[in-house]
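Listed here are the chains, written in short residue letters.
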Amino acid sequence: MTLDITQVYSQIEAMAGELKSHQAEFARKLDTAVATLKTASANQSTLEKKLEKARATWLVAGLKEDMGLRRAAPACPPDFIVSASDGSHIDVDRHHSARLFLLNLGLVHIQYGSRPDAELTTVPKLYFGDDVIAIRSADGREELIQGPLLGIVRGVEECRCLADDVCASEAALPAVGLIDGSLIMWGLVGQRFEDYVIEYLLDKGLLQQLDRFYGLSKKRQAAVASYISFPRSTDVVNVLRLQVCPYDPVDCDRHCKGKFEGRECDAVGGLTDRAVFDRLLSEGERSALFVSTSSIIERYGVHRVCFFYVKLDSEVARVEVPLWVADKEQLLDLVHAVVVDQCKKGFGYPVTLSEAHEQAVVTGADRQQFWDLVDRVMQEGDLSVEQSLKQRSKKVRWI
Amino acid sequence: MDIDKIAEVVETSNSEFVAQCYELEGVPALGSMVKTRGKEGDIYGIVYTSATHSIEPGRRITARGHKAASDADIFKENPQLAKLLCSDFHALVVGHKHGKAVYQYLPPSPASVYAFVYSCKPDEVRLFTQSLNFLSLLLDSKLPVATDEVIAAFLRYASRAHPTPQDFLVGAGKELAWLLSNDIRRLDSILKRLTQ
Amino acid sequence: MTDSTQETRLGTIISGSLTAGVQVKMDPSRSVEDVAVGRYVAIKGEKKRFFGLITDVSLEAVDPHALVMPPDISDPFIAKVVSGTTTYGKLNILPMLTISGVAGAAGAPQPAKTVPSHFSEVELATQADVEMVFGKEDKRRFFIGNPLDMETKVCLDMEELVKRSNGIFGKSGTGKTFLTRLLLIGMLQKSRTTSLIFDMHNEYGWEGTSEKQTKVKGLKQLFPGKVAVFSLDEDYDRRRKVKSDFTVKIGYDEIEPEDIELLKNILNLTDVSVQTIYELARRFGDSKWLDSVFDLFDSGDRESVKGLDIAEGTWRNLKRGLSMLRRLKFLVRHAPEDAVSTILDYVTNGKSVVLQFGGYDDLTAYVLVANLLTRRIFNVYREKVDIASSADIKMPDQLVITIEEAHRFLSPDIAAQTTFGRIAREMRKYNVTMLVIDQRPSGIDEEVMSQLGTKITCLLDNERDVDAVLTGVSGKSELKSVLSKLESKQQALIFGHALPMPVVVRVRDYGSAESYKELGPAGASEGGKKDKADDLWE
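Each protein sequence line maps, in turn, to chains Y, E and B.
Heads up: the first sequence runs through residues 15 to 413, numbered per my numbering.
Heads up: the second sequence runs through residues 247 to 442, numbered per my numbering.
Heads up: the third sequence runs through residues 9 to 546, numbered per my numbering.
Wrong hints could be hidden among the right ones.
[Unchecked claim] Over the 10 Å line for every Cβ pair with chain E, so calculated as not near, a few chain Y residues: (1) Lys34; (2) His36; (3) Gln37; (4) Ala41; (5) Ala70; (6) Val122; (7) Pro130; (8) Ala132; (9) Gly143; (10) Arg234; (11) Asp262; (12) Asp267; (13) Lys359; (14) Asp380; (15) Trp385.
[Said to hold, decoys possible] Quick list of in silico lysine-lysine cross-link-like pairs, DSS-like style, CA-CA up to 27 Å: (16) B/Lys234 x B/Lys88; (17) Y/Lys358 x E/Lys313; (18) B/Lys392 x B/Lys437; (19) E/Lys322 x Y/Lys359; (20) E/Lys251 x E/Lys329; (21) B/Lys220 x B/Lys493; (22) Y/Lys342 x Y/Lys232; (23) B/Lys56 x B/Lys33; (24) Y/Lys233 x Y/Lys218; (25) Y/Lys358 x E/Lys322; (26) E/Lys388 x E/Lys438; (27) B/Lys98 x B/Lys251; (28) E/Lys313 x Y/Lys359; (29) B/Lys437 x B/Lys171; (30) E/Lys438 x B/Lys88; (31) E/Lys343 x Y/Lys358; (32) B/Lys220 x E/Lys420; (33) B/Lys251 x B/Lys225; (34) Y/Lys359 x E/Lys388; (35) E/Lys420 x B/Lys392; (36) Y/Lys64 x Y/Lys359; (37) E/Lys420 x B/Lys88; (38) E/Lys313 x E/Lys251; (39) B/Lys55 x B/Lys33; (40) B/Lys359 x B/Lys33.
To be clear, the hints were calculated from the coordinates, so they are not data collected in a lab.
Source: prediction; values computed, not measured.
A virtual CB, placed ideally from N, CA and C, is assigned to each residue, including glycine.
Please put together the full structure from these sequences, using the hints given.
Listed below in C-alpha cells is the structure:
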C-alpha cells in the first residue's frame, strides 16, 4: 500500500542518535588522518618506496605530486569554451516484444568571454535491429545491450557526442569537455564481461573518443575531464593506511588476515578521501594529483586516469583527467580553473553538466509517451505488438 | 527576413492569443496594440500581460547577481541563461481586418499558431481608434490582471498616435462615461489614470 | 444638409407627453446656463417640425451616486469628460404647434396634437421659425415685443384681438400701464376700432409718466387727429395747463340705484340701505331720487324721513355714504351737456375718447363714472345694433372700453349685474368689447376670465392670481413656471386668441424718439421699416 511514515519515524530518529555518537570518533580519526598526511608528505620518498613493495587488499592511489600539495585555483582565460554532455536512456522493455532502446543525449556548449554564447541541444537516438542491440564477437557470441551494459554504452556515446562538439569548436579558443561521473569504467572491472565486450566498450569505445581529445590537444588548448560529486573513493586514505602500517613490507594477507578492525591502519579507517581533503583544502584549492591503480586502468595506455580533489563552496569533488592532461601544466590548470568557475556559476555543481543533464532527462511521462508511440506506429504498420500481462496490470491500477 | 516581427503565436483562442518573443527584452508595452494573422486576415490585439520565465515549467530562475555589477553582466557570464529563458505576452483580441475593412469585434477564427506578431505602427493605431466600439469588449473582459490598468495604458498609448492626444482622451473619457454610467467609482479611477 | 449647427442644437427628446410636455436631454456641449425658461425651441420630428416653449430646466445624473460622490472635477480633464455624460442638463418643453415638413416650407402652423418621436433633435428657434409662427409685421399685425434672446418681432393680430374682450395683468410696477398704452396705440394703428378709455391716473390722454419719472407721450400726442381727451376735473386741467376737448359733468338725474349698488362696499352702505335706495327711486322716480334725497339731507326734514318709513340707522348710513358723493364736483344737479351723447358723437365718428379723472383718482369716482357711462353707452349701442341688423344699414363701429381696477367691476358677486359683466359675456354681439387691466385677477369672476380672448400678463407673485390668469389654459402648470420666472419689468407672457401660441416677450421700447416715430400714424402700414412713400409724408 503506502509507506507508513509514522512507523519509520522512530527508526529514523534512532539512526540520527547513533550517527551523533559516531561523529566524535569520526572527528578524532580525521585529525589523525590529516596529521598522517602531513607526515607522509614530509617523508614522501620513503612512502613511495613502501608503496612499491606493498601488497595491500585495498585500492591505493599512485603518487604523482607531493601529497600535501595545495594549489589555488588559477584564473580562467579571457575567452574559453566549456562543453558537457550527459545522457539518459529508455531501456529495452521485457514486456514489449519490440526490441529496441533509446538513448537521449544532452549536449551543452557555452562560450565565455567577449562573445558570450550558448547552445543547448538534445539528441535522441533509437537503436533497434539485431546487429545494433547486441555486442557481438567475431565468433558469434553476443551480449545484449540492456541494463547496466546499456548504461556503459550510453557513457561511450556521451563521450563521442562531447568529442564531436569540442573538435568542431573554434580552434583559437581554449576548450574543456566535461563528463559526469568517472572516466574509469568500473562496470567492466571484475571480469563480469568477456573480452570482446570490454574491447567494444573500452578500446573501440571510450578510448577511441579520448584519442580524439588527445589529438586535438596537440593542436590547441583542449582538455577532457570528468567530475564526480560527493565521491566515496578512499584511494588516498588507503595510502595513509599504508603510511600508518607498522609492517614493512606491507602485507595484509600475512599480518592481518581475517581482521577487520583493531588494526593499526584502522586509525584512519572509515574515512573518505573527501573528508580528509575537506579539512586540508581551502575553497577553490586542488589537492595533489594522484594516479588510479584500478586494474582496468592497465588498458588505458596514454589515457591512464589521474585524479585530484578540489574544494568547492559546498563540497569536495573528485576530478579525473587522462595522463596527458595531468602532465601538461597548462591543461591541468585550465581544467582546475574551469571546474571551480563552473561550480560557482552552477551553485555548487558545474553548470554545463547540470544543463546537459536537464537536456537529457526523460520523464516517466516521456517514457510512456514513447512506448505508446512505438505501439501505435507498429500497429499502423500491421506489425504485431505483444504486451505481457504484467505490464497490462501495471498500466491500470485496479482494486 | 522580416525584421519587424517581434513574436510568434504559441497559444490561441477566439478571444486572445499568447505569443513568444524572439528577444528576451522584446516584449511590447502593456496596453500597446499588436497585429497577427488569422484565417480571414489580420487580427488586432491589446497586450494585457507579459512575462519572462524559464522555458521549462519545473525550473525557477534564481538570483545570480550578488557579485555582478549589472544584470547585463549576469547574462554575459552565464550565456546559457538566454537559452533557458523566454518572454511571452498575452493579447486580448479587439478587432480584425477583412479585405480593406476593419471590424471592431471578434473574428470568426482565432489567430493561427506560429503566426508572426508585429507591433502596430502609429498610423494603424490611429485608424483603428477612430472608433472606440470595442471599449465595451475591454471593459467586460475578465483578465487575470487589473483590467482598468490595461484600459488606461491602452488609451494613453493610443492617444500618442493622434495629432491632438488630449482631445482623443477626452473623447475616450466620454465614451467610458456612457459605458460606466452606473459605476462612477470605476470611471473616476480610470480617468485619473488618463491624466498624464 | 442639416439646419442645426453647433450653436443652435440643444439636445434630443427622451420622454414626455402632450399634456405635460416633453423632456430633452441636453447635448454635452451645451451648458444649462445657456438656456432660459420661456425661450422658443424648434423640434425636428420624424415628419413634422414642432414649435414649443422651454418651461423648465433641471440637472440630472446618470447615476445618483455621482451626485453624492462626484468625480474629481477639480481636474479639468475629468470635468470635461463628465459634463454631458455622467451629468447632463434636462429641459422640459411644451410643444404647442406643428409645422409640417422642413423649416421655411409653406403651411400654417397647427396646434400640436401629438408629440415628436424619441430622440428628435431639438434646437433653438430661428428668426424664420418665429416669423412663420407669429407672422410678420403688417397692416393688421402690431409689433408688441421680442421673444427672449431674439431680435425677431412678435406681432399680435389686432383684428383678431379686438374680436373679444382682453386682459392685461401684473402686480403693481410691472408695466401694465405701458402695455396698455402700447396696445391702445396698436388698435389705433392697425384696427378699425375706437376706444373709450377710463383713465383713472391720467396716463393715457396727453402724456404719462415713466418709471424713471420722465414724461412720455400719450395717445393724443401720437394720434392727434384720432384721439380726444375728456376730463372730469377742470381744476386739474388748469393746474396742468392742458386743454381738454370736453369737460364731463354728470347730473344727479343720471344716477340710478344700480350705480350706487356697485359702490356699496366703497361707500360702506348696508344691504338695507341699498334696498332703501331702490324704494326711494320707486318713490321719487329714477331721475329725481338722488336730488330728492340730497334735499332731504340738507333740509334735515325729519318728518318726511319718517314718512318714508326708513329706520334711523339706515338713514344715517345712507346719509354718510351718499354724502361722499357730494364732494365730487363733477356731480351736479343737472349736467349742462349730456356727456354720454357727446362721447357717442365722437366715437361714432371714429374718434377715440380718453376720459381723464384728474384729481378724482379714487375708487368712488372711478367706479361710479365708469359704470354709469358705460351702462348708458352700451344701451345705446345695443339699440343701434338691433336697428342696423333689422334695417340692413351700416353697423356702428367696434368700440373697445378700457377699464382699470377691473376686479371692482367684475368680482364674482357683482359680475352678473354690472354692464361690464354683460359686455364680457355677450362678446361682440353688440360690437362692444373690453380691455380690462388689473393687478388682482383672482378678484375677477372666473367666467369673465374665461371669456377674455387674449391675456397679457406681467409678473404675478400671488399664487391665486396666477391660477386665475391661467384658468382653462392648456399647459397651465408649465406656463405657471414660465410666468413665475418673468422679470419684474418689461417682460410679459402673452397667450390667447390673438396668438398661435403663448409667448414671453421683452416688451418693445416706448419713450424714445425712435419709438414715437414707429408708433405714430406713420408706422401704421408696417412700422419699423419705412418705404419711400412714407418718407414723403414725414
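At 10 Å, judged by beta carbons, does Y/Asp262 keep clear of chain E as stated?
holds (52 Å)
Is the Cα-Cα distance between B/Lys251 and B/Lys225 27 Å or less?
Between B/Lys251 and B/Lys225 the Cα gap is close to 15 Å, so the pair holds against 27 Å.
Status of the stated non-contact between Y/Ala132 and chain E (beta carbon gap over 10 Å):
Incorrect as stated: the minimum Cβ-Cβ distance to chain E is 4 Å, not above 10 Å.
Y/His36: least C-beta distance to chain E exceeds 10 Å?
holds (35 Å)
Does E/Lys420 pair with B/Lys392 here, judged by a C-alpha cut-off of 27 Å?
Between E/Lys420 and B/Lys392 the Cα gap is close to 74 Å, so the pair fails against 27 Å, i.e. violated.
Below or equal to 27 Å on CA atoms is what counts here, so check B/Lys220 against E/Lys420.
Not satisfied, since the Cα-Cα distance of roughly 52 Å exceeds 27 Å.
Starting from Y/Lys64, check that the Cα of Y/Lys359 is at most 27 Å away, please.
violated (42 Å)
Would you check the hint for Y/Lys233 and Y/Lys218, treating anything up to 27 Å between C-alpha atoms as holding?
holds (23 Å)
Pair hint B/Lys98 and B/Lys251, alpha-carbon separation not exceeding 27 Å
Violated - the C-alpha atoms of B/Lys251 and B/Lys98 are around 59 Å apart, more than 27 Å.
Mind checking the alpha carbons of Y/Lys358 and E/Lys313 for me, to see if they're no more than 27 Å apart?
The given pair, whose Cα atoms are some 11 Å apart, holds under the 27 Å limit.
Does Y/Lys358 sit within 27 Å of E/Lys343, going by the straight-line distance between their CA atoms?
violated (53 Å)
For the pair supplied as a hint, B/Lys234 and B/Lys88, is the alpha-carbon distance within the 27 Å limit?
violated (62 Å)
Checked against the numbered hints listed earlier, the structure breaks hints 6, 7, 8, 13, 16, 27, 31, 32, 34, 35, 36, 38, 40; every other hint is satisfied.
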